[in-house]
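2 protein chains.
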Amino acid sequence: MNRQITLAARPSGFPTEGDFRLVEAPVPVPGEGEILVRNLYLSLDPYMRGRMNDTKSYAEPVAIGGVMTGEAVGRVIESKDARFREGDIAAGMTGWQEYGVLAAGEARKVDAGVAPVSTALGVLGMPGLTAYFGLLEIGRPKAGETVVVSGGAGAVGAVAGQIAKIKGCRVVGIAGSDAKVDYMTGELGFDAAFNYKTAASYYHKLAELCPGGIDVYFDNVGGAITDAVFRLINDRARVVICGQISQYNLKRPEMGPRFLWTLIVHQARVEGFLVFQFKERYEEGLRDLTRWVREGKIRYRESVAEGIENAPRAFIGMLRGENTGKQLVKVG
Amino acid sequence: MNRQITLAARPSGFPTEGDFRLVEAPVPVPGEGEILVRNLYLSLDPYMRGRMNDTKSYAEPVAIGGVMTGEAVGRVIESKDARFREGDIAAGMTGWQEYGVLAAGEARKVDAGVAPVSTALGVLGMPGLTAYFGLLEIGRPKAGETVVVSGGAGAVGAVAGQIAKIKGCRVVGIAGSDAKVDYMTGELGFDAAFNYKTAASYYHKLAELCPGGIDVYFDNVGGAITDAVFRLINDRARVVICGQISQYNLKRPEMGPRFLWTLIVHQARVEGFLVFQFKERYEEGLRDLTRWVREGKIRYRESVAEGIENAPRAFIGMLRGENTGKQLVKVG
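These protein sequence lines are chains W and C, in that order.
Per our numbering, the first sequence runs over residues -8 to 323.
Per our numbering, the second sequence runs over residues -8 to 323.
For the record, the hints were derived by calculation from the structure and aren't laboratory data.
It is possible that part of the hints are untrue.
The list treats identical chains as interchangeable, and a pair is accepted whether it falls inside one copy or across any two copies.
[Claimed, not checked] In silico lysine-lysine, DSSO-like type, Cα no more than 30 Å apart, as pairs:
| # | residue 1 | residue 2 |
| --- | --- | --- |
| 1 | K47 | K242 |
| 2 | K242 | K196 |
| 3 | K270 | K133 |
Start from the sequences and build out the full structure, keeping to the hints where you can.
Next up, the structure:
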């Protein structure tokens, strides 16, 4: 049988485990041009919270009773396409389940010799590419500039900050625990970092750590942290809007201080993006990321939950910031 | 004697005439490399409201007792520089006074044969260039796209909307009176327009007039009008932040709905600018604007107050939206 996690109810505010259901279904059968994958790891990502709402965004919501959406990496156990053989490792959007069928053209073949296969969901997958294109193409950092990353210990933020270091920037990270601060300034090599949960004032802390102002802000969080950053941007600053996790579980939309005037004064740019904009260039991004990981210039951590039955709890934990680095579920 | 308007007090909220003072001073004497100008027209612009506050922005505030800052156009009555002769028409930052001395290198020679000299402060001056570079370089409109302009009957907005028409866009204007709506859809050739003061819902009115969504927004106003626009932006929309006149006279900063998530979903860009960024290209902008005015593709209106003593009242009226097109003060 194929164990799956489906959406049982649309959450109001923070999701609870009761919003999910563990069900069993027959193992699916691949048709021509398809492959059957036995998943090894599921990816848990903040964007999935949006899919639980009944609102059209850049993608359709998950239906009530539908399998939760998401990417996974696994072993091909049956192939009806010449591009894959049994035993190959494949990544694709199977959703939260133990077995999935993928169109071969929409699956990515993963070379298990390059790095652990789990990295295909993290530093060498969508989160790594999101950091790569978001920072380099939207943020366009220049050597010597100050780059601030919110969610700096997360799957995307940790990579964005390290790429900024590679490009010669001063990097300041923001996260929600002292352990994450140590991780950012130690293992990841950020120049400075702070714990927003214990900072008396985001603004004063940022002003202290960014004495020359902020040139690039890579935002995964939004809310009051982002408000403080806008007060410290330099002329011609670039604000990369990658995620807004502080806003995803609010029961009502939040109000905040208006800041458009600041953009005029500083001739600054704020730009949102989705990694899919850059899909023609994924190969280039993966080539650079793979090289940087091999050279030790990009380090990564994974938080791994065991068993598909624990996916909902791990997902909720990730929304609360309990993970460091990429949150995965091991289902092999 | 040289009559001047000085800043008597820093306004709290909306300025009053008591915040200004009419004083007399000796006519200044030009030094080497300078010219003495007898002003014909003073320019009144929303940005001057910011200069009345004691806060550092992209320019220094006007000191209490200092002459109000601003551009003017006038006749050279004494020249100590080979680049100007007596009788030439010159534009420059003399401030609100009848006579001013300018460094010849910072004055612009105006060809009175091309258009009325007052246009050097409007359609063929800073407001026209602001519209030109803001729309074309920041907004980057493509033929067939929908462009919304707030403050669409003002000195900058009217030009921005007409340039968007020249570029083949569908243009929707927003302003604060039915007469301005008629002006935009009649004389200026906008495709649609509405009076925000009588619209029951900015959002529903915009949705009705922009059935295909909004690709470019040229914002002179900010506040609730801009909030409504963000709800209707298309994928890859560009929001040009030129001015935020709805916010300049607030006693306390206003809160508004957060919209950064919308920028992700639509992969949209918001960018503030100052016309000075483009100063190396002013000649190119003026060449195009002059041609379009001559060809009748850009029309303009001026609201002219008579006498420097009426400058404060005209300025306050402009902040209230009483002008159509460029607000000037005739001092000749």
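Verification of the hints:
| no. | hint | result |
| --- | --- | --- |
| 1 | K47 x K242 | within (17 Å within a copy, 38 Å between copies) |
| 2 | K242 x K196 | both (29 Å within a copy, 27 Å between copies) |
| 3 | K270 x K133 | both (24 Å within a copy, 24 Å between copies) |
Hint check: no violations occur; every hint is consistent with the structure.
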